[in-house]
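Chains as they are written, first to last, in my numbering: chain V, 443 to 711; chain S, 4 to 402.
If you're looking for bench data, these hints aren't it; they were derived computationally from the structure. Note that the structure is predicted; figures quoted are calculated from it, not measured. Each hint should be verified, as a subset may be incorrect.
[What the hints assert, rightly or not] As a list, the in silico EDC-like pairs of lysine to aspartate or glutamate whose alpha-carbon atoms are at most 16 Å apart:
id, chain 1, residue 1, chain 2, residue 2
1, V, Lys448, V, Glu496
2, V, Lys627, S, Asp298
3, V, Lys612, S, Asp223
[To be verified] Covered stretches of chain V, as calculated for chain S (at least 3 residues, CB under 8 Å):
id, stretch
4, 579-591
5, 617-631
Glycine residues also receive a C-beta, built at the ideal position from the N, C-alpha and C atoms.
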Amino acid sequence: MKTPPKIISETLKLAGTSVELERRGKGRSLLLLHSEDGFEFDLPLLDNLAKKFEIVIPRMPGFGKPSLPNYLNSIDDISYVWLDLLDRLDLTGVTVLGFSVGGWLALEMASKSTSRIARMALVGSVGVKFGGAYDRDIEDIYFHNAGAVRGLRFADPDKDPHLDLTDLSKRQAMTLASSREAIAKICWEPYFHNPSLRNRLHRVDVPVQVVWGAKDGMTAPNYGRALAKALPDGRFVSIPKAGHFPHIEQSDQFAAALINFLEDTKGAR
Amino acid sequence: MDFYHFTEFAWPHLPPDDEFTSARLNLPSSVYDPKRGADLYNMCLDQYVLADELGLNCMVNEHHQTATCLNSSGTVPLSILARQTKNARILILGNPVANLADPIRCAEEMAMIDNISYGRLDCGFVRGVPYELFASNRNPTETSERLWESIDLIQKAWTTHDGPFNYEGKWIHKRQVNVWPRPYQQPHPPVWTTGGSDLAHACRTVARGFTFAMFLTPVDRLSQMFKGVRSWCKGQGLQRPADDKFAFMPLVAVGETEKEAREVIERVFWYVVNNKAEPQHRAPPGYVETSLYADFLSGRFTGGRTDAIRKQGMEYFRENHVAIYGTPENVVGQINALHRKTGGFGHLIAMLHAGDMDFDVTAKSMTLFAEKVAPHLKDLGTVSRNFGPLRKLGGKKAA
Chain V
443 MKTPPKIISE TLKLAGTSVE LERRGKGRSL LLLHSEDGFE FDLPLLDNLA
493 KKFEIVIPRM PGFGKPSLPN YLNSIDDISY VWLDLLDRLD LTGVTVLGFS
543 VGGWLALEMA SKSTSRIARM ALVGSVGVKF GGAYDRDIED IYFHNAGAVR
593 GLRFADPDKD PHLDLTDLSK RQAMTLASSR EAIAKICWEP YFHNPSLRNR
643 LHRVDVPVQV VWGAKDGMTA PNYGRALAKA LPDGRFVSIP KAGHFPHIEQ
693 SDQFAAALIN FLEDTKGAR
Chain S
4 MDFYHFTEFA WPHLPPDDEF TSARLNLPSS VYDPKRGADL YNMCLDQYVL
54 ADELGLNCMV NEHHQTATCL NSSGTVPLSI LARQTKNARI LILGNPVANL
104 ADPIRCAEEM AMIDNISYGR LDCGFVRGVP YELFASNRNP TETSERLWES
154 IDLIQKAWTT HDGPFNYEGK WIHKRQVNVW PRPYQQPHPP VWTTGGSDLA
204 HACRTVARGF TFAMFLTPVD RLSQMFKGVR SWCKGQGLQR PADDKFAFMP
254 LVAVGETEKE AREVIERVFW YVVNNKAEPQ HRAPPGYVET SLYADFLSGR
304 FTGGRTDAIR KQGMEYFREN HVAIYGTPEN VVGQINALHR KTGGFGHLIA
354 MLHAGDMDFD VTAKSMTLFA EKVAPHLKDL GTVSRNFGPL RKLGGKKAA
């Protein structure tokens, strides 16, 4: 019988900002940056990863007890807090695993400094504008009804962990509501991207694996290909029968792609 | 009590009900026919000219990307009325300053209109309904702060007469603010805001000496808010706000007979029936308070105010004073009763036109209202004795 790795929860104060985080496992440092939906705190693959990595999972303020402070208005702002976190924990040679908005955060961090970062895997990452003014690079998840948004983000809409929220307690619903408010505050405009980021991507001088769901209708696979191409050492892999969250819809294939990348780049820094 | 005529300039020629999901935001403008639309604009403006002749005041508003309101700028009809009316107070309710790119331009336009109308402007500032955030792209988590920051800056810009000042606030940056012209009314036109369930906003409005307005709100809720403000003022040691710090807008129809009034109010009711919207457009994250948004996410809350009351039907509307209709005597009685139940209000904005009502039908209801209802109620309610913030009991002004 396997015993799941021990999870340590703590709250750190980083330059005035309270950050909740979980740590589990032993080995090289792996920083997991969750998506706008916060699906990633209990991914089954974490148990396996914890055998080789010390996984650090900070919660973006607004996704737990601490609310988003007034002075954090953008992913750019939050990326400084996460860089402070790496300093505080004195993590080096870090593998960053970022999902959607978490991928954007990883890019913001690495464009500022990769001194503590060895490599990154970005899953359905947003954050960059590739198309022209009239191109909708990232579909508007606020404008369409819940069913349509689900259809954009999942190849099989029944796999949406938020398919049915009617069983949520008021407290759970309040937590989810706060997290969505935090995301709206920092992602509404410019919509899920930072116009300056594209011209900073050359600074991301570490191997980056871009992972994409082949059926992602929120950010189409071509967006992922463009991202991999725009990075100095980017590579692209597509996961069939998956939308914006391939780690949810095709967890085995996703885990295989991730492990492949980690093996390929185990010598990085 | 002061009375205002209101029409929302709605486009009434909508597709069959099962062919569109929302009259707001995503309805293509192919549904709009410019030839009929031009007639509609002019017919609605004619109503306001008639209102002026009848001794009523005028209220205009704006909404965006919607068939429910063809005024995509309230400033446009307001400017026309500044010249085409002679005596009416002209009220804009209001300027969506939280969504505007430049609140100072709004200060300038309102000051111009105040001058052109020889000081007849009542200037409302609104946060805007949630639908507007998709048209304006404004972040829903910011709009309350932006509304008050804009109001503060506009008031300062209207009342500063010694050259440019610097402003670098949270949402607005202007290094050289020096608004020309200064308003005709001194120190500035009366200011209004609107609100729903946010009592703190209502209290802030009234304490500042502004007028707080609510629209189509059932009487219990209306009373709760108006009384809530009065009670808060008392708790703060402020003078009791006069009735003219409160305003209400119901649907209104007056007929020579009960039957005639009922037929007309059914046509005004069109606004409520056809005000279709998709649920996600009513609740972008951060617009409503977190608790209500949580209920929206978990399905505990499904519709907005209009949805809830729409289902209840006309009798419910009448009992709750959301729709006020009948013969003139009957309508006088209903307004008196509403005034009593709410603890008093000083402005009644009568939505006397909606849907496919033509000019003549509207004009008759307006005329009966102006000639046989308003004169009986003009002395109802108390009037503020001073302009500006409510005074602390003991003589000092509120902060």
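Hint check results:
| no. | hint | result |
| --- | --- | --- |
| 1 | Lys448(V) to Glu496(V) | holds, 11 Å |
| 2 | Lys627(V) to Asp298(S) | violated, 19 Å |
| 3 | Lys612(V) to Asp223(S) | violated, 26 Å |
| 4 | 579-591 | holds (count 5) |
| 5 | 617-631 | holds (count 10) |
Checked against the numbered hints listed earlier, the structure breaks hints 2, 3; every other hint is satisfied.
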